[in-house]
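For this one, chain A is given, so just place chain B on it according to the hints.
The listed protein sequences derive, respectively, from chains A and B. When we follow our numbering, the leftmost residue of the first sequence carries the number 124, and every step to the right adds one. When we follow our numbering, the leftmost residue of the second sequence carries the number 931, and every step to the right adds one.
There's no promise every hint is true.
Partial selection, computed: residues in chain A whose CB lies under 8 Å from chain B [to be verified]:
(1) Tyr157
(2) Gln165
(3) Pro167
(4) Gln168
(5) Tyr169
(6) Lys220
(7) Leu221
With a straight-line cut-off of 30 Å between C-alpha atoms, the simulated DSBU-like cross-links for lysine-lysine are [unchecked claim]:
(8) A:Lys192 <-> A:Lys215
(9) B:Lys941 <-> B:Lys987
(10) A:Lys126 <-> A:Lys215
(11) A:Lys126 <-> B:Lys987
(12) B:Lys987 <-> A:Lys215
(13) A:Lys175 <-> A:Lys215
No lab work stands behind these hints: they were computed from the structure. For each residue, glycine too, the CB sits at the ideal point set by N, CA and C.
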Amino acid sequence: DAKTTQPPSMDCAEGRAANLPCNHSTISGNEYVYWYRQIHSQGPQYIIHGLKNNETNEMASLIITEDRKSSTLILPHATLRDTAVYYCIVDKAAGNKLTFGGGTRVLVKP
Amino acid sequence: GAGVSQSPSNKVTEKGKDVELRCDPISGHTALYWYRQRLGQGLEFLIYFQGNSAPDKSGLPSDRFSAERTGGSVSTLTIQRTQQEDSAVYLCASSLATTSGGARINEQFFGPGTRLTVL
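For reference, chain A alone in the conformation it holds in the complex (with noise of 0.2 Å):
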């Protein structure tokens, strides 16, 4: 599986969006990329996934290069709520492990 690499940690101002990094140049044809978020003292919660095209649901948007080397998940209005470590993951379709780095520690403030 790809590895990705992430910032450590962001702050972001309630209210406004964030812009999470994420590169993974050694990313395959065959492999998505997935956003998950863990709040503290609860399990992982999927985010949204992407293979080439930007994509958006209720929660988020994801931008991905032409190239797919990184991509950037977009929290368009974060709240308190949102604070969280949010991690990248690239892998195949269904049946595998999710292999989770560090992931990024998003801190929203008032």
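The following block gives chain B in isolation, referenced to the frame of chain A:
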């Protein structure tokens, strides 16, 4: 609908005792995963079930750890002769997964975990 449930939520045991942790996946989810998370650390994969079989046991740290799944539903993770380094949160996840290389995504739904403390 109901999510993934795990029991007990907390377990305190003495070193050397055996423990059993239970996971009830979302109904209809064929894939089930066990992960471990030590305090302040990331998630470590333990074992993956597809139906009742376990095609990937590569994460089990020692032969003290075993898991089974019956009826394609409930799974039990057993740790024998517990050690202090086994203290962690044990997380279970399930997904609608196939191994056919089809288009199903790897969206895993996690339970709240069992916090195991070995004294």
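Looking at the structure, which of the earlier hints fail to hold? Going through the list in order, the structure violates no hint and respects every one.
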